[in-house]
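Q: All chains, full assembly: derive it from the sequences and hints.
Protein chains: 2
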Amino acid sequence: MTARAHSGDVLALCGGIGGAKLALGLYRVLEAGRLTLVVNTGDDFEHLGLNISPDLDTVLYTLAGLADPERGWGRAQETWEFIAALRQLDGEAWFQLGDRDLAMHVLRTNWLRSGKTLTEFAAHMARQLGISARILPMTDAAVRTIVDTSEGHLPFQHYFVRRRCEPAMRGIRFEGATEARPAPGLVEFIGSQALRAIVICPSNPYLSIDPIVAVPGIAAALGASAAPVVAVSPIIGGQAVKGPTGKIMAELGIAASTRAIAAHYRGLIDGLVIDEDDADDRVQIGVPVLVTRTLMKDIADRERLARNVVDFADTIALQPSAKVGGGGRR
Amino acid sequence: MTARAHSGDVLALCGGIGGAKLALGLYRVLEAGRLTLVVNTGDDFEHLGLNISPDLDTVLYTLAGLADPERGWGRAQETWEFIAALRQLDGEAWFQLGDRDLAMHVLRTNWLRSGKTLTEFAAHMARQLGISARILPMTDAAVRTIVDTSEGHLPFQHYFVRRRCEPAMRGIRFEGATEARPAPGLVEFIGSQALRAIVICPSNPYLSIDPIVAVPGIAAALGASAAPVVAVSPIIGGQAVKGPTGKIMAELGIAASTRAIAAHYRGLIDGLVIDEDDADDRVQIGVPVLVTRTLMKDIADRERLARNVVDFADTIALQPSAKVGGGGRR
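Sequence lines, in order, name chains A and B.
The working numbering puts the first residue of the first sequence at 1, with every later residue one more than the last.
The working numbering puts the first residue of the second sequence at 1, with every later residue one more than the last.
Quick caveat, the hints were computed from the structure, so don't treat them as lab data.
Here the structure is a predicted model, which is why all the values come from computation and not from measurement.
Do not take every clue at face value.
Intra- or inter-copy, both count: the list cannot distinguish identical chains.
[Stated by the list, open to error] EDC-like cross-link-like pairs, simulated, lysine to aspartate or glutamate; straight-line CA separation at most 20 Å: (1) K116 / E92; (2) K116 / E46; (3) K116 / E179; (4) K297 / E70; (5) K242 / E276; (6) K297 / D68; (7) K247 / E166; (8) K297 / E188; (9) K116 / D90; (10) K247 / E78; (11) K247 / E151; (12) K297 / D277.
A: See the structure below:
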């Protein structure tokens with residue numbers, strides 16, 4: 001790494017659980033204040049009158065050291081008295097809301113109702129939780145991921161939690177995306193000369209990264225950025241690591257492979273990080289590839305992968321862009 | 001008691017903790033479906049964006065057998081993880097909200113935001129909790145008790161909970177009362193021929209009963225009712241049993257005595273139930289008086305007092321009104 005690289009900012013795009021693992025790695029290996037995270041808000045929804053932002057909370061809790069290590073979402077040492085009482089009172093109890101977690105939702109709901117923005121809320125909470133990274137929602141507008149399924153069009157959490165991803169997925173759209181604007185300062189930041197690397201975390205590309213890129217202005221800014229865009233494939237050994245990615249890819253007629261991820265991100269990325277188990281795919285990616293261990297079982301894994309990803313990005317920054325289909329972007 | 005009396009309806013006016021004790025006694029000794037409670041909502045407030053109705057919830061929890069027997073308010077076996085998390089996130093944590101209790105506030109807030117009324121919510125919750133009494137808020141409008149204190153005008157919960165009743169009270173007003181309308185059906189019910197008795201529970205007269213009577217139409221309906229209005233004095237042995245009643249009376253320049261309570265309710269009541277310790281006051285009350293034990297330490301006390309109060313009302317119902325200053329009411 002060069003000295004310049006060491007002092008540069010890193011921007012990471014992420015969704016919830018899978019993405020937050022690498023986000024934590026980046027947070028721990030970068031200098032304080034050097035990490036900005038743009039978080040998917042397509043999963044957000046209003047439930048029981050509360051504004052719930054699952055991915056944003058997962059990132060906040062993870063970086064603050066409050067996340068539950070087993071579940072990945074919600075808070076550690078959580079209790080569930082509220083949801084039990086809600087069930088007793090015939091309230092809608094299909095979405096698990098922990099007693100501690102609820103404080104975040106109540107505060108956010110009150111915050112938004114008072115006319116303040118989600119961007120301001122995320123910054124306030126990051127400060128409150130002692131997080132030195134900047135955490136941005138992709139937008140302050142309501143962008144809602146709607147899943148077209150065998151049971152009709154379902155809001156994301158209804159598909160994901162209420163129906164446990166059981167209905168077959170036929171398509172995905174991001175309601176409200178075309179009218180949305182990126183979070184304040186985000187486009188300018190992507191265009192900043194101080195930016196060292198842009199990392200797409202190994203989140204679900206279709207459900208967690210696509211909504212971010214669907215916000216008008218973000219894709220163009222990424223394409224025009226002087227910093228390399230490097231994605232980490234969520235595929236290991238031809239299988240999705242976790243969550244519904246594999247099932248979704250199959251239902252959408254896409255083979256769960258590193259090459260399919262590369263094809264999906266074509267034109268957006270300047271480099272791809274793939275797992276050693278998929279090393280055979282490296283020749284068909286079309287952008288520079290880093291082959292490494294991408295499975296993150298513990299903190300050491302996250303830190304090591306984060307270092308590898310940033311180092312890899314640094315090598316790309318020093319050579320002419322090799323982005324497939326994006327040759328004219330600079 | 002006459003046969004007619006046995007089958008009649010009883011209406012009770014009450015506030016929170018003290019009133020709910022007698023309300024429970026009445027609930028247990030009357031035939032199912034014969035009790036209607038009108039509950040003070042002057043203590044209601046919006047906190048953290050949640051609509052909180054302390055007295056209504058105390059009554060619901062008490063009649064459902066869910067109330068905490070020690071505190072009097074909130075739910076038994078309550079946990080406090082939410083409020084701890086709220087404090088950690090720098091939220092306003094001076095008003096204790098239990099994890100189980102929170103389900104009620106979240107559901108009510110969502111219910112009211114959807115355009116439905118507090119009256120409908122109370123009925124829904126009573127049904128949900130298996131309560132056979134009818135529980136009515138005094139009004140669906142926002143009537144807010146404001147306390148004029150040595151520290152300025154304070155919303156009730158700020159005075160009562162946040163400032164622990166420490167500022168000296170100079171006066172009380174019920175903001176929004178003049179524009180409020182009684183809960184649907186309440187005035188008609190007070191005028192019903194089926195009404196056997198109207199009981200004013202031993203709640204704080206100034207903070208819990210006065211707001212109810214301040215809702216236009218309720219005082220007139222009580223005055224015109226064919227059923228006797230009987231109050232239970234919250235004073236025992238020249239002292240307020242519990243809560244801030246004694247301090248408030250002193251600050252308002254009123255001696256904490258049964259006679260002061262009688263004077264306060266003059267024109268409204270047809271009979272007063274006082275404690276044996278205040279038996280000496282019986283001759284100066286101006287309406288028929290029942291002297292009995294009014295302290296309610298256990299369930300048996302509540303049931304016995306409830307029976308005594310209703311039996312006492314039945315004796316008044318059978319004789320011409322002796323209401324002081326209210327001779328022309330029928």
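Q: A separate judgement is required for each hint: does it hold in the structure or not?
A: Now the hints, each set against the structure:
1. Taking identical chains as interchangeable, the C-alpha atoms of K116 and E92 lie at most 20 Å apart only when they sit on different chains, with a minimum of 17 Å there against 27 Å within one chain.
2. Taking CA atoms no more than 20 Å apart as the test, K116 paired with E46 passes in both settings, with 17 Å inside one copy and 18 Å between copies.
3. Taking CA atoms no more than 20 Å apart as the test, K116 paired with E179 passes inside one copy only; the shortest distance there is 19 Å, against 32 Å between copies.
4. For the identical chains of this complex, K297 and E70 are intra-copy neighbours only, at 11 Å inside a copy versus 48 Å across copies, given an alpha-carbon limit of 20 Å.
5. For a Cα distance limit of 20 Å, the shortest separation of K242 from E276 inside one copy, 17 Å, qualifies, whereas the shortest one across copies, 72 Å, does not.
6. Taking CA atoms no more than 20 Å apart as the test, K297 paired with D68 passes inside one copy only; the shortest distance there is 14 Å, against 45 Å between copies.
7. When the C-alpha separation of K247 and E166 is checked against a cutoff of 20 Å, the pair qualifies only within one copy, where the shortest distance is 9 Å, while the shortest distance between copies is 62 Å.
8. In this assembly of identical chains, the alpha carbons of K297 and E188 never lie at most 20 Å apart, being 35 Å within a copy and 68 Å across copies at closest.
9. Taking CA atoms no more than 20 Å apart as the test, K116 paired with D90 passes between copies only; the shortest distance there is 16 Å, against 32 Å inside one copy.
10. Proximity of K247 and E78 under a CA criterion of 20 Å is satisfied in neither setting, with 29 Å inside one chain copy and 41 Å between copies.
11. For the homomeric pair K247 and E151, the shortest alpha-carbon distance inside one copy (16 Å) is at most 20 Å, but the shortest distance between copies (63 Å) is not.
12. Taking identical chains as interchangeable, the C-alpha atoms of K297 and D277 lie at most 20 Å apart only when both belong to the same chain, with a minimum of 16 Å there against 72 Å between chains.
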